[in-house]
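Participant: In case you want the letters, here they are:
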Amino acid sequence: MNQFSYIRVNQQQAAVDAIRKDKAAMFIAGGTNLTDLMKRGIVSPERLIDINRLPLKEIKAEKNFIRIGALALNSVVAENSLIQKRLPLLVQALNSGASAQIRNMATVGGNMLQRTRCHYFYDTALPCNKRQPGSGCGALEGFNRMHAIFGFSDKCIAVHPSDMSVALMALDATVLVTGPKGERRIPFSDFHRLPGDRPETDTNLQPGELILAVDIPDAPFAQYAHYLKVRERASYAFALVSVAAALHIEKNVIREARLAMGGVAHKPWRLTEAEKYLAGKAVSETNFTEAAKIAMQGAKAFKHNAFKLKLGPNSIVQALKTASKLS
Amino acid sequence: MSRLIFDKVIGDPMNRVDGRMKVTGAAKYSAEYALPGLVHGVIISSTIAKGRIKAIDSKAALSAPGVLAVISHENAIKVPGFADNEHPTEPPTGGQPLRAFYDNKVYSNGQPVAMVVADTLERARYAARLVKIQYNEDKHKTDFDTNKAQSVLPSQAKKNPKSPLADYTRGVKDGYKTAPVKLELEYIQPTEVHNPMELQAITAFWEAEDKLTVYDKVQGTKPTQQAFAKEWKLPVQNVRVISEFVGGAFGNGLHNWPHETAAIIAAKMLDRPIRLMLTREQMFFMVGYRPYTWQKIGIGASPDGKILGITHESIGQTSSYEEFTESTLQQTRMMYTSPNVSTVYRLLPLDVSTPIWMRGPGEATGAFALESAMDEIAFALNIDPVEFRLMNHTDTDPDKKLPWSTKYLKECIQTGAEKIGWKDRALKPGTVRSGEWLIGFGMGVGTFGAHRGAAAVRAKLMANGSILFQSAVTDIGPGTGTAMVQIASEHIGIPPEKITFQLGNSDFPQAPNQGGSAIVATVGSAVVAACTHIKEKLLTMAAASEKRFTGVKMEDVLFDKGELSLAKSPSVKMSYIDILKKQKLTELDIIQDSKPGEEGSKYSKYSFSVHFVKVMVHPVTGRVKVDKVVSCIDAGTIINKKTAANQIIGGVTGGIGMALQEAAVMDHRFGRYVTKDFADYHVPVHADVPKVEVYFTDKPDYIVDPMGTKGLGEIAIIGVAPAIANAVFNATGKRIRELPITPDKLI
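Respectively, the protein sequence lines represent chains A and B.
Under the numbering used here, the first residue of the first sequence carries the number 1, and numbering increases by one thereafter.
Under the numbering used here, the first residue of the second sequence carries the number 1, and numbering increases by one thereafter.
Hints in this document: simulated from the structure, not taken from any laboratory.
Nothing here was measured: the structure is a model prediction, and the numbers come from that model.
Yeah, the Cβ is synthetic: ideal placement off N, Cα and C, and Gly gets one too.
Check before you lean on any hint, since a few could be wrong.
[Unchecked claim] Some, not all, of what chain A presents toward chain B, calculated at C-beta under 7 angstroms:
1) GLY41
2) PHE65
3) ALA125
4) GLY142
5) PHE143
6) VAL230
7) ALA234
8) TYR277
9) LYS281
10) SER284
11) ASN287
12) LYS300
13) ASN314
14) LEU326
[What the hints assert, rightly or not] Stretches of chain A that chain B covers, calculated by requiring three or more beta carbons in the stretch to come under 8 angstroms of a beta carbon on chain B:
15) 1 to 14
16) 111 to 122
17) 237 to 245
[Stated by the list, open to error] Calculated pairs, DSBU-like style, for lysine-lysine (alpha carbon to alpha carbon, straight line, at most 35 angstroms):
18) B:LYS148 / A:LYS310
19) B:LYS691 / A:LYS310
20) A:LYS325 / B:LYS78
21) A:LYS310 / B:LYS211
22) B:LYS78 / A:LYS85
23) B:LYS132 / A:LYS325
24) B:LYS734 / A:LYS303
25) A:LYS325 / B:LYS141
26) A:LYS303 / B:LYS139
27) B:LYS428 / A:LYS321
28) B:LYS745 / A:LYS300
29) A:LYS276 / B:LYS745
30) B:LYS132 / A:LYS21
31) A:LYS321 / B:LYS745
32) A:LYS39 / B:LYS28
33) A:LYS300 / B:LYS148
34) B:LYS734 / A:LYS293
35) B:LYS132 / A:LYS23
36) A:LYS23 / B:LYS59
37) B:LYS177 / A:LYS155
38) B:LYS625 / A:LYS325
39) A:LYS310 / B:LYS141
40) A:LYS281 / B:LYS745
Using the sequences plus the hints, can you model the full thing?
Facilitator: Laid out in structure tokens, this is it:
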């Protein structure tokens, strides 16, 4: 870990001003990922701006949406009665992430901004374009069991590790941010980005921007929703593949479907074509299987992750079955 | 013999004598000794797998705040023992252990190549990142599969054809080949890394020019004392090794590693006490691991289920500089009645660090192959695997051709089958469901030699009737101190709360490494001998002041509740306190040694275990849940049912990790592990471990030792992985021969 200075801010504007002045500064909230990265020498901010005291922790029902403050803790969100009642998908996703201790520290904004768990990103002795642009992608020809099957580039095949973000993607959330140019809203599907030629950049946040809240529009998905996370142990493991499935079902007919996957791409992966296919279809395993087939179009595996081409569709079907109470 | 007293002390599920210290933080581990003037070391590890260090630029590090030194082969003082080019200790391995900061050669990725010393840990860690090292890289070989053909016979076997590592044949070589039903099967055990909760740590301090003290995380204070005395060419008594508490070791502390010498070098150069603790990542590279092992089993049987031949081949990886060998094949030689048995053991030296025993060690690796193969051929024969094992059970050791000292394996198998609900198992795999889940049952047998070595203990009976014991032995977690207090209480007739057992200090009497499940038998026997010695003295002293004890034999005396009395007229008694008082003694202080007798040559001595497992497999997602485990244990007398069951549960948990999760994966382009933290290298969490039911036969084996115990730490894990693999097969019809059994292999 490098030497750094530390300040604490109490107001939003002060936070934005502080980071604008200092390019080598970073915000810190729960710090569950950032301190790890600093200890391993992967990021070396010269100044940390502690934003934990900003008034951004509220969880509130607005007219057509629920707003979750960026500093609301993962565990607090998962235990909130409003969220439990209206957004069970989000609760399941949150509770499947990390460990109880980490969820007690981690914030919603920080969860969205966590970096990939790619082995090569985490080891400064190995090449990684995300950590050190131009050094090459270690995973491309290396051990890539955990890596992407969608949306990768020859510069980077890492995946985004968040579970919560997969649910937010399926729920069509919007991210509210502020920055040097004032407030703006980013649709969740535009928040994270694909690696392309700039894998070092995970999101479309502009320099100096601060996440204020996540808005989740009201929708009739509470009754039929499931977050399936497939992993090698029962807890505290990143997903091999995960699926967020939310359905609006009336009289055994799917009015609307929402599907997103985790562990398959550089960002939470929305399955729009499969959603379209399912709309108006009956709840049936045949339809789910077809939807999974559509969802997997364009997937491409590497040496060690070919299993995801099968585990992916299997998990989509399983998540849909559980969400629709077919199983 | 004198009647045993406190009949409930042995076996009593007594709480650990040091439990409170451990949970309140009062227990001190090797990195917790805050000596005056303490400085902190951080190891810098190589980032290449083979080559030479070209240049070390430590300018920036040396000018960083608080930095006292950057030590490497360029400036390290010469370690006197290094020049001898020989192994410094009783060898856990053959060859030449890595010499810290000796020259510019790099033998494996992650090798310690330099160390930064600073006034705080944070400053040392920061400065370590500022040291720039350049290498001349050589071509390395780390890939087992592509180099397998270069495996060699261990040099020990080359020198001695009777070595257990040499090729072995009983009956006809490869006799399985002519059997009516035969299978040839290959199994892979990937590298599993030692990751006890406590990281490897040492606090080293030169009290004088020629006097060294280390607080070191080791499994034996005496072997470590010997090693460092030899390494630094010091009189043995000038080296003091203290290891009062060990936060799990599992074999990891059976070898002295380069970082320990690095700390001692730094302490000497700076003339300050130094603390050095490895990082979790460094644990993967420099302190041993269960070696990647390829095995092949050929097994043949008659259609009615008699094994006619087994051939078991094993190739384990080792480093280029040390030959680490383990006993992967022994159980194949003695477990079943087969008339024809051949075993072939080879090593594959690679550009990696040296492996070391890891719980169960080679036997656990070997059992995965043997007990999987047993299941496979039973299936081929359409015979229930429990039946099949009972049909091939042997009542004498077919290898040594000796009777067993004790063997209750049959009872263990029968009890286990009943407790797991084996009758619900379907012979045909993939046919039992519960909702979406497939249900399967499996079992695996484990065995490990019931060893006893030589040891001594000091016993000091105090004027107040309490007693203190001392032994150099360490307690790496099983609850050694607690067991010794119980043994002592039973044999000296003093209640446990008045007994103290001090351990983990090389100033105390001789004890071997804690390893190979031998400590209760070894040190416990010395405790019994010390108690006998004290009791004899007490009786002699009692006779001096009470005539009715004159000429009385030991077996006619009761020693109970701090008093001795005549068995036939208990009102004739004297307390230990009074005896000392009358002799005007403030204490009775003895040192007693103990070693095994001739029994070893007359009997074959083994502990046995059988693990029964019920698993649930989700066929769509490949998830495996271990639903229930029943472990039945033949380990002689159980000294403490709580700590013993605790050991078994821990071993089963390790076995679940071995079967389903653990694998250190190396990227062979770099010869460097890529899964090297707890996010990537999985071990079981609580939610992965179901209720583990433990049953002990609790039948004494007095041939092994006077308490009747046989070791149980190793058999706790041996046989668990194949039991799970067999259960997964029973659930799904999929036979996984390469561990771990992860979801991708089952969909």
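Participant: State for each hint whether it applies.
Facilitator: Tested hints:
{"no.": "1", "hint": "GLY41", "verdict": "holds (5 angstroms)"}
{"no.": "2", "hint": "PHE65", "verdict": "violated (33 angstroms)"}
{"no.": "3", "hint": "ALA125", "verdict": "holds (4 angstroms)"}
{"no.": "4", "hint": "GLY142", "verdict": "holds (5 angstroms)"}
{"no.": "5", "hint": "PHE143", "verdict": "holds (5 angstroms)"}
{"no.": "6", "hint": "VAL230", "verdict": "holds (5 angstroms)"}
{"no.": "7", "hint": "ALA234", "verdict": "holds (4 angstroms)"}
{"no.": "8", "hint": "TYR277", "verdict": "violated (20 angstroms)"}
{"no.": "9", "hint": "LYS281", "verdict": "violated (20 angstroms)"}
{"no.": "10", "hint": "SER284", "verdict": "violated (16 angstroms)"}
{"no.": "11", "hint": "ASN287", "verdict": "violated (16 angstroms)"}
{"no.": "12", "hint": "LYS300", "verdict": "violated (17 angstroms)"}
{"no.": "13", "hint": "ASN314", "verdict": "holds (5 angstroms)"}
{"no.": "14", "hint": "LEU326", "verdict": "violated (11 angstroms)"}
{"no.": "15", "hint": "1 to 14", "verdict": "holds (count 3)"}
{"no.": "16", "hint": "111 to 122", "verdict": "holds (count 4)"}
{"no.": "17", "hint": "237 to 245", "verdict": "holds (count 3)"}
{"no.": "18", "hint": "B:LYS148 / A:LYS310", "verdict": "holds (32 angstroms)"}
{"no.": "19", "hint": "B:LYS691 / A:LYS310", "verdict": "holds (32 angstroms)"}
{"no.": "20", "hint": "A:LYS325 / B:LYS78", "verdict": "violated (72 angstroms)"}
{"no.": "21", "hint": "A:LYS310 / B:LYS211", "verdict": "violated (64 angstroms)"}
{"no.": "22", "hint": "B:LYS78 / A:LYS85", "verdict": "violated (70 angstroms)"}
{"no.": "23", "hint": "B:LYS132 / A:LYS325", "verdict": "violated (59 angstroms)"}
{"no.": "24", "hint": "B:LYS734 / A:LYS303", "verdict": "holds (22 angstroms)"}
{"no.": "25", "hint": "A:LYS325 / B:LYS141", "verdict": "violated (53 angstroms)"}
{"no.": "26", "hint": "A:LYS303 / B:LYS139", "verdict": "holds (24 angstroms)"}
{"no.": "27", "hint": "B:LYS428 / A:LYS321", "verdict": "holds (28 angstroms)"}
{"no.": "28", "hint": "B:LYS745 / A:LYS300", "verdict": "holds (19 angstroms)"}
{"no.": "29", "hint": "A:LYS276 / B:LYS745", "verdict": "holds (32 angstroms)"}
{"no.": "30", "hint": "B:LYS132 / A:LYS21", "verdict": "holds (32 angstroms)"}
{"no.": "31", "hint": "A:LYS321 / B:LYS745", "verdict": "holds (23 angstroms)"}
{"no.": "32", "hint": "A:LYS39 / B:LYS28", "verdict": "holds (26 angstroms)"}
{"no.": "33", "hint": "A:LYS300 / B:LYS148", "verdict": "holds (32 angstroms)"}
{"no.": "34", "hint": "B:LYS734 / A:LYS293", "verdict": "holds (25 angstroms)"}
{"no.": "35", "hint": "B:LYS132 / A:LYS23", "verdict": "holds (26 angstroms)"}
{"no.": "36", "hint": "A:LYS23 / B:LYS59", "verdict": "holds (27 angstroms)"}
{"no.": "37", "hint": "B:LYS177 / A:LYS155", "verdict": "violated (53 angstroms)"}
{"no.": "38", "hint": "B:LYS625 / A:LYS325", "verdict": "holds (22 angstroms)"}
{"no.": "39", "hint": "A:LYS310 / B:LYS141", "verdict": "holds (33 angstroms)"}
{"no.": "40", "hint": "A:LYS281 / B:LYS745", "verdict": "holds (33 angstroms)"}
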